[in-house]
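Colleague: Each chain, letter by letter, is given below.
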Amino acid sequence: MSGLNGSLDGIIEDLKRLHWAAENRVSEAQAVLDQAKAERDHIVRMLKVGGVELEKETKPQRKAKRETAPKSMGEETRVKVWAAIHAHIERARPVLTDVPDSFTIRDLEELTDLHSSSLRNGIEILRQEGSLRAVGTVANGAPRPPMAFAPVRAYVPPATGDE
Amino acid sequence: MSDNGQVRISDFSDRELLAMILDLDASGEVNSHELAVRIYGWSEIAREDAKKVSHGVRCCGARLAWMKRYGLVERGEKKGEWTISHMGRQLTERQLPADVRVTISRTPDERSLSLANIVGERMVAAGTVAGTAMRRELQFQITRRKRAT
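Which chain is which? The protein sequence lines are A and B, in order. For the first sequence, numbering that gives the first Met the number 0 begins at 0 and goes up steadily by one. For the second sequence, numbering that gives the first Met the number 0 begins at 0 and goes up steadily by one.
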């Protein structure tokens, strides 16, 4: 045990030395920085006396946040997305065998004339609304395997309003 | 999914993860590895990457540990096993009646503040597990809205 303590003491001593060395280097670097700043300020003052206008250092402007409307989906698109989901369900080929009615967005692309981005947007909205849920990722060997979704409950057409 | 593989609430809500556990096992018992395979979609080849698998399983375990803290899951008998808690199961299976859901979803924008107030009030009054589940579901939706705008 004492041997172990001895080696630990040695390690602690080494670490302390490294710590002091690092602190010394920080102090030295700070001193050099302070000196450089003082020289810069001195030169700036001399230039000002000489009537030279220096350009102010400007910070890079942050890009204005892109104003985009929240995602929304028209009723026609909504119906088309659900139609594609139902068409997939009728084919009875869930992408995850233990999750009935599961599908990927690519599965639906074959079943609708909606643009891929509209379809993706529609699926996201239905997921946010809680009508669809993400059920996992499909192991298809792709570098970025696709997410699978499934309806949480049977689709109710918005016009009727009951289940 | 985040680049570091973490299973964030913005990737999968608690509600989705609970349903995912029930997909894997109807009795609600699952281990971190099974859940990780479902979440990351590892192919057979990817599953041979022990480091990647180990990291993914740890990330799933971490998320489940948080869900345990919130009362949604419980630890199983064996290491790495998890079970949906009674409240977790109720929260997953019980849905709002269709008419209530439709009414809420059709609330016009100008009444949305009032709606948010009622939902907030309900969240404050809810029990510990239910209240936390509500808060986290709202957090999930807020993150998604931030991404969308």
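I should point out that these hints are in silico values taken from the structure, not numbers from a laboratory. Ideal placement from N, C-alpha and C gives every residue a C-beta, glycine not left out. Honestly, I wouldn't trust all of these hints.
Simulated coverage check for chain B against chain A, where a stretch passes if three residues somewhere in it have a Cβ under 8 Å from a Cβ of chain A [claimed, not checked]:
hint, region
1, 11-23
2, 32-38
Here are some of the chain A residues that sit facing chain B, going by a computed Cβ distance under 8 Å [stated by the list, open to error]:
hint, residue
3, P93
4, D100
5, I104
6, Q127
7, E128
8, R132
9, V134
10, G135
11, T136
12, V137
13, A138
14, G140
15, P144
16, R152
Colleague: Now tell me if each hint is right for this structure.
Modeller: For each hint, the structure was consulted:
Note: the region 11-23 of chain B has 7 residues with beta-carbon separation from chain A under 8 Å; the three-residue rule is met and the coverage holds. Only when three residues or more bring their CB closer than 8 Å to a CB of chain A does the claim for the region 32-38 of chain B stand; here the count is 3, and the claim holds. With 8 Å as the threshold, the beta carbon of A:P93 stays out of range of chain B, its nearest partner Cβ sitting at about 11 Å, so the hint is violated. Given hint, A:D100 at the interface with chain B, is violated; its Cβ is 11 Å from that chain's nearest Cβ, farther than 8 Å.
Hint status for A:I104 relative to chain B: violated, with the closest Cβ pair at about 14 Å, above 8 Å. Checking A:Q127 against chain B: minimum C-beta separation of about 6 Å stays under 8 Å; hint holds. With its C-beta approaching chain B no nearer than about 7 Å, A:E128 sits inside the 8 Å limit, and its interface hint holds. With its C-beta approaching chain B no nearer than about 5 Å, A:R132 sits inside the 8 Å limit, and its interface hint holds.
For A:V134, the suggested interface contact is upheld, since its CB lies about 6 Å from the closest CB of chain B, less than 8 Å. At about 4 Å, the closest approach between the beta carbon of A:G135 and any beta carbon in chain B falls short of 8 Å, and the interface hint on this residue holds. Hint on A:T136 holds. Least Cβ distance to chain B is approximately 3 Å, under the 8 Å limit. With a least beta-carbon distance of about 5 Å to chain B, the hint placing A:V137 at the interface is held under the 8 Å criterion.
Given hint, A:A138 at the interface with chain B, holds; its Cβ is 5 Å from that chain's nearest Cβ, closer than 8 Å. Look at A:G140: its Cβ gets to within about 4 Å of chain B, closer than 8 Å, so that hint holds up. Taking 8 Å as the C-beta cut-off, the interface hint given for A:P144 holds, the closest approach to chain B being about 4 Å. Annotation: A:R152 was flagged as interfacial toward chain B, and the flag holds, the nearest CB pair being 7 Å apart, inside 8 Å.
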